[in-house]
Amino acid sequence: MGSVAIDDVRCKGCGRCIVECPRDLIGYSNELNERGYQYVVFKGEPEDCSGCALCAIACPDEGIEVWRRPDAQTFVTTTGLTERMTHYCPGCTHGVVHRITAEVLEELGLLGRAVGIAPVGCSVLAYEYFAFDMFEAAHGRAPAVATGAKRARPECIVFAYQGDGDLASIGGNEILHAANRGEKITVIFINNAVYGMTGGQMAPTTLPGQVTTTSPFGRDVADTGRPLRVSELLASLGTPAFIARGAAHDSKSAIKLKQYIKRAFEYQRDGTCFSFVEVLSTCPTNWGLSPNEATRWVEESMKPCYPVGVLKEPPSEGGET
Amino acid sequence: MSSTEVLMAGFGGQGMLLAGKLLAQAAMAEGREVSWLPSYGPEMRGGTANVIVCLGDEPIGSPLIRHPRSLIVMNRPSLEKFGPKVRPGGVIVVNRTMIDVDVGRDDCTVIDVDSRAVAREAGNERAANLAMLGAWVGATEAVPPEAIEAAIDAEFTGDKAKHAATNRATFRAGLALGRTVEVTP
Amino acid sequence: MTTTTAPTTSEASTGAPPKLLMKGNEALAEAAIRAGCLHFFGYPITPQTEVPEYLVKRLPEVGGVFVQAESEVAAVNMVFGAAGVGVKCLTSSSSPGISLMAEGMSYIAACELPCVFINIMRAGPGLGGILPAQSDYHQATRGHGHGDYQVLVLAPSSVQEAADLMLLAFELAEKYRNPVMVCADGMIGQMMEPVVFHAEGAGPPMADNDWALTGCEGRERRIVNSLYLAPEELHAHNLALKEKYDRAARDEPRWELYGATEGYDLLVVSFGTMARIVKSAIDELTDEGLRVALFRPITLNPFPYAACRDAMDALPRDGKVLDVEMSMGQLITDVKLAAAGSREIAFMGTAGGVVPTPDEVAARIREELGAG
Numbered sequence: 002m003g004s005v006a007i008d009d010v011r012c013k014g015c016g017r018c019i020v021e022c023p024r025d026l027i028g029y030s031n032e033l034n035e036r037g038y039q040y041v042v043f044k045g046e047p048e049d050c051s052g053c054a055l056c057a058i059a060c061p062d063e064g065i066e067v068w069r070r071p072d073a074q075t076f077v078t079t080t081g082l083t084e085r086m087t088h089y090c091p092g093c094t095h096g097v098v099h100r101i102t103a104e105v106l107e108e109l110g111l112l113g114r115a116v117g118i119a120p121v122g123c124s125v126l127a128y129e130y131f132a133f134d135m136f137e138a139a140h141g142r143a144p145a146v147a148t149g150a151k152r153a154r155p156e157c158i159v160f161a162y163q164g165d166g167d168l169a170s171i172g173g174n175e176i177l178h179a180a181n182r183g184e185k186i187t188v189i190f191i192n193n194a195v196y197g198m199t200g201g202q203m204a205p206t207t208l209p210g211q212v213t214t215t216s217p218f219g220r221d222v223a224d225t226g227r228p229l230r231v232s233e234l235l236a237s238l239g240t241p242a243f244i245a246r247g248a249a250h251d252s253k254s255a256i257k258l259k260q261y262i263k264r265a266f267e268y269q270r271d272g273t274c275f276s277f278v279e280v281l282s283t284c285p286t287n288w289g290l291s292p293n294e295a296t297r298w299v300e301e302s303m304k305p306c307y308p309v310g311v312l313k314e315p316p317s318e319g320g321e322t
Numbered sequence: 025m026s027s028t029e030v031l032m033a034g035f036g037g038q039g040m041l042l043a044g045k046l047l048a049q050a051a052m053a054e055g056r057e058v059s060w061l062p063s064y065g066p067e068m069r070g071g072t073a074n075v076i077v078c079l080g081d082e083p084i085g086s087p088l089i090r091h092p093r094s095l096i097v098m099n100r101p102s103l104e105k106f107g108p109k110v111r112p113g114g115v116i117v118v119n120r121t122m123i124d125v126d127v128g129r130d131d132c133t134v135i136d137v138d139s140r141a142v143a144r145e146a147g148n149e150r151a152a153n154l155a156m157l158g159a160w161v162g163a164t165e166a167v168p169p170e171a172i173e174a175a176i177d178a179e180f181t182g183d184k185a186k187h188a189a190t191n192r193a194t195f196r197a198g199l200a201l202g203r204t205v206e207v208t209p
Numbered sequence: 058m059t060t061t062t063a064p065t066t067s068e069a070s071t072g073a074p075p076k077l078l079m080k081g082n083e084a085l086a087e088a089a090i091r092a093g094c095l096h097f098f099g100y101p102i103t104p105q106t107e108v109p110e111y112l113v114k115r116l117p118e119v120g121g122v123f124v125q126a127e128s129e130v131a132a133v134n135m136v137f138g139a140a141g142v143g144v145k146c147l148t149s150s151s152s153p154g155i156s157l158m159a160e161g162m163s164y165i166a167a168c169e170l171p172c173v174f175i176n177i178m179r180a181g182p183g184l185g186g187i188l189p190a191q192s193d194y195h196q197a198t199r200g201h202g203h204g205d206y207q208v209l210v211l212a213p214s215s216v217q218e219a220a221d222l223m224l225l226a227f228e229l230a231e232k233y234r235n236p237v238m239v240c241a242d243g244m245i246g247q248m249m250e251p252v253v254f255h256a257e258g259a260g261p262p263m264a265d266n267d268w269a270l271t272g273c274e275g276r277e278r279r280i281v282n283s284l285y286l287a288p289e290e291l292h293a294h295n296l297a298l299k300e301k302y303d304r305a306a307r308d309e310p311r312w313e314l315y316g317a318t319e320g321y322d323l324l325v326v327s328f329g330t331m332a333r334i335v336k337s338a339i340d341e342l343t344d345e346g347l348r349v350a351l352f353r354p355i356t357l358n359p360f361p362y363a364a365c366r367d368a369m370d371a372l373p374r375d376g377k378v379l380d381v382e383m384s385m386g387q388l389i390t391d392v393k394l395a396a397a398g399s400r401e402i403a404f405m406g407t408a409g410g411v412v413p414t415p416d417e418v419a420a421r422i423r424e425e426l427g428a429g
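Residue numbers (the working numbering), protein chains in the order written: chain Z, 2 to 322; chain R, 25 to 209; chain S, 58 to 429.
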């Protein structure tokens, strides 16, 4: 006797929810919404829906709320995000990671202490979406800004949110040294193997052979090097840290990702260590794929290069250091 | 007392910067205007170290003096570099432990100090720099010797306090030597 | 040699603040603490290195924070972060390092965050040398990074003034919510002189404000941001910045007039280390009966244009103006702006770490006056 409420104005028609629904209860409307997207609608009867919320978990646009029973809401939108609709493309999973980050901070009771740092790249406007104190930093410098903020106000929960051009390329030095110093900050690293904001150029994380606007014949590793595995690189440092890689392209991955991000913030809250979560994220626009094709590309192409899981844990108390 | 300036030069580690600091400290305690300007940078690495100390009754204008009135010189390269630059009528204190050449400045008062021997005799062979400083103060009377001794006590504290007495003794031995010299202006 | 151990004092028991013998770099560092700055982020470079070397020992004594950054690029962004959460903070560098901080300075100014920079200038361009120079004058006063922003610039010419201006720097930074740079050179940084700190102990923290990111518990959230995608908004932002810089230009110019101020035939314009050398030359020339004065800007930005013009207008019709700087014609830009075409400005400059002597300056002045 579940139900879903789909906000047809927020919906960008990416169709992730359609794929996620185990009972095939969501489909496209025949209409376009006011922003020009062919939005989705609930097609079934209330008794058909179990209220599992996989649709909402996969939705990048905070467009779905879910009830298991009329008096039992199983998916509530977080107060850690503003009402603003994001500028992200349909099917981009930045929205999923934003939501998970905000949910975690809300669940840990940390929204009032949070100071986030937006990067330069597609998520440059993240300060419009997170509903708490935010910086907007220069390209690649977020870990240095986070260092200054956290050292000055250790009581704040400081995190940097960065893409792969920002963090792995221009900001390589800042992330390396913030991690090596063991700054008690959290970094969320969106890896979608491409520069998004500037229109699909090759990133340090671009896969071998991957076509981008600056590797039009496919990334030639002999000339441009191999994909940079930032999590592995940081995990090799001697400084204690929590380092994990998750993904955001489907509900199952998003649920796991939330566990990683939660642990990352818990480590910061407890003053334990530097914490870092890499997220394999989709860029349907610059990959030239539909949202569903992009989801498959993460599974089939990205994951073999960037295996998900926890790469490094801080030593447990009394354990080896 | 009139204003004056002294260039102190030697190898790094010969204590010229410290000797200069003690002089500046002493003069400041006497209420005088002072500046202490060291050479710095790569030339300090195993090379020469020098410092210019200016003393005056008015605020010090330029702390960088190309032709100082006095030179305290610990080694031959520094003598060759700075000896010719001392103003006519100036004072040159020469470390005879390490310099065996003629100074070549008949127009200056030259004070020869076997600094290591003086320091050894006073009980601290490492205090050769203070023997040199003592000789200069003895000859020029630029600052009261007690002020230098107070500066030595202020500098050598904690772990280094055990060296204060022999440092003072070395300074006084140099002072006595300097006092025997008549400075001809 | 450094003097980072507790500075020795004289007249310690008189009740008056003690007179200390300190290096300029150390005096700047100590003065920052007296101003209430407990957060330093920096990267080693000659000839400013005594600033971090002093603070790494001193800051823990007052509960402060010291971070050696991985680069000047990181250091300036750490300052951005610390200033953004509302603490008084400082970074220090020398010329090539300041170039690397240019990007961050633009962001900090754009976000209107208070903070203080020290530039202990060395000779350029490129890697240049490490000896004193004033060749970052244009960089300091004309902006470092991109965009319509300004940094207020203070130029001490003695160790005491360095300490005094550091206190003023933090005051102005907070008053204008803007970066302030104390711009000295390797000579001021490396030399020891007596200095008296009139402020006791660590100064007060930054005043409560409505912009610092402290966590939004119990209030509206805040954003520190320099991105304005709407042109009208960015235009308005720049107008607001301009209004602020105009206000500083009206209220903050500081300068000194030295020498034959009652009447002079030649006016030297010079700042910092160079100005004190000019003072020695003027003293020598005054003894010879020549009438020479020095106009010394203390604020390089805002430049005291009106006062400089007044000092020129006090010259007789055939009086001379001589710009003396340790660079190849940078200060003279502002001297010419002050003159506004009313006079020829003669130029004397050195570069590369060559510091003119008082005799050389005096010779040039005699030449200008036809008194050779």
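Hints may contain errors.
[As the list claims (entries may be wrong)] Straight-line alpha carbon distances no greater than 16 Å define the calculated EDC-like cross-link-like pairs of lysine to aspartate or glutamate that follow: (1) 76(S) <-> 57(R); (2) 232(S) <-> 309(S); (3) 76(S) <-> 54(R).
No lab work stands behind these hints: they were computed from the structure.
Here is how each hint holds up against the structure:
no.: 1; hint: 76(S) <-> 57(R); in the structure: 11 Å, holds
no.: 2; hint: 232(S) <-> 309(S); in the structure: 11 Å, holds
no.: 3; hint: 76(S) <-> 54(R); in the structure: 11 Å, holds
No hint from the list above goes unmet by this structure.
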